[in-house]
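Count the sequence shown with my numbering and you get residues 2 to 89, in order.
Just so you know, not all the hints are guaranteed correct.
Pairwise CB distance ranges (calculated) [to be verified]:
{"no.": "1", "residue 1": "S25", "residue 2": "S70", "range": "19 to 25 Å"}
{"no.": "2", "residue 1": "L85", "residue 2": "R54", "range": "36 to 42 Å"}
{"no.": "3", "residue 1": "G74", "residue 2": "Q19", "range": "22 to 28 Å"}
{"no.": "4", "residue 1": "A40", "residue 2": "G15", "range": "32 to 38 Å"}
Since the hints were derived computationally from the structure, they do not count as laboratory data. Even glycine gets a Cβ: it sits at the ideal position worked out from N, Cα and C.
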Amino acid sequence: MGFDVENNAYTCIGPPSQKVTFTSKGDIGRAVARLSTLALEPLTAAKVPDELRIAGTVVSYEDVRDLVSRARGVPKSEIKSEDLPQLK
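Please model the complete structure; the sequences and the hints are all you need to start from.
In structure tokens, the structure reads:
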């Protein structure tokens, strides 16, 4: 992912202010299970959309760096940004 919290170093592809999502498999599993039960229940089935997007926390690399900086009491480090076409 480009997080080296121990060394206070971060590397991302694209701008560090770009938002990304972090969702655990457990969160996805619980959401799918709950949606399944709602879809099978006649009283709620019509309210369950045919398509949806499940997203956990939406943050940028800057947000993560700032949070770690506050939590660990370390200075904010510079975020190294890589260019995807250049990496290919």
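Status of the hints after comparison with the structure:
| no. | hint | verdict |
| --- | --- | --- |
| 1 | S25 <-> S70: 19 to 25 Å | holds, 23 Å |
| 2 | L85 <-> R54: 36 to 42 Å | violated, 22 Å |
| 3 | G74 <-> Q19: 22 to 28 Å | holds, 27 Å |
| 4 | A40 <-> G15: 32 to 38 Å | holds, 36 Å |
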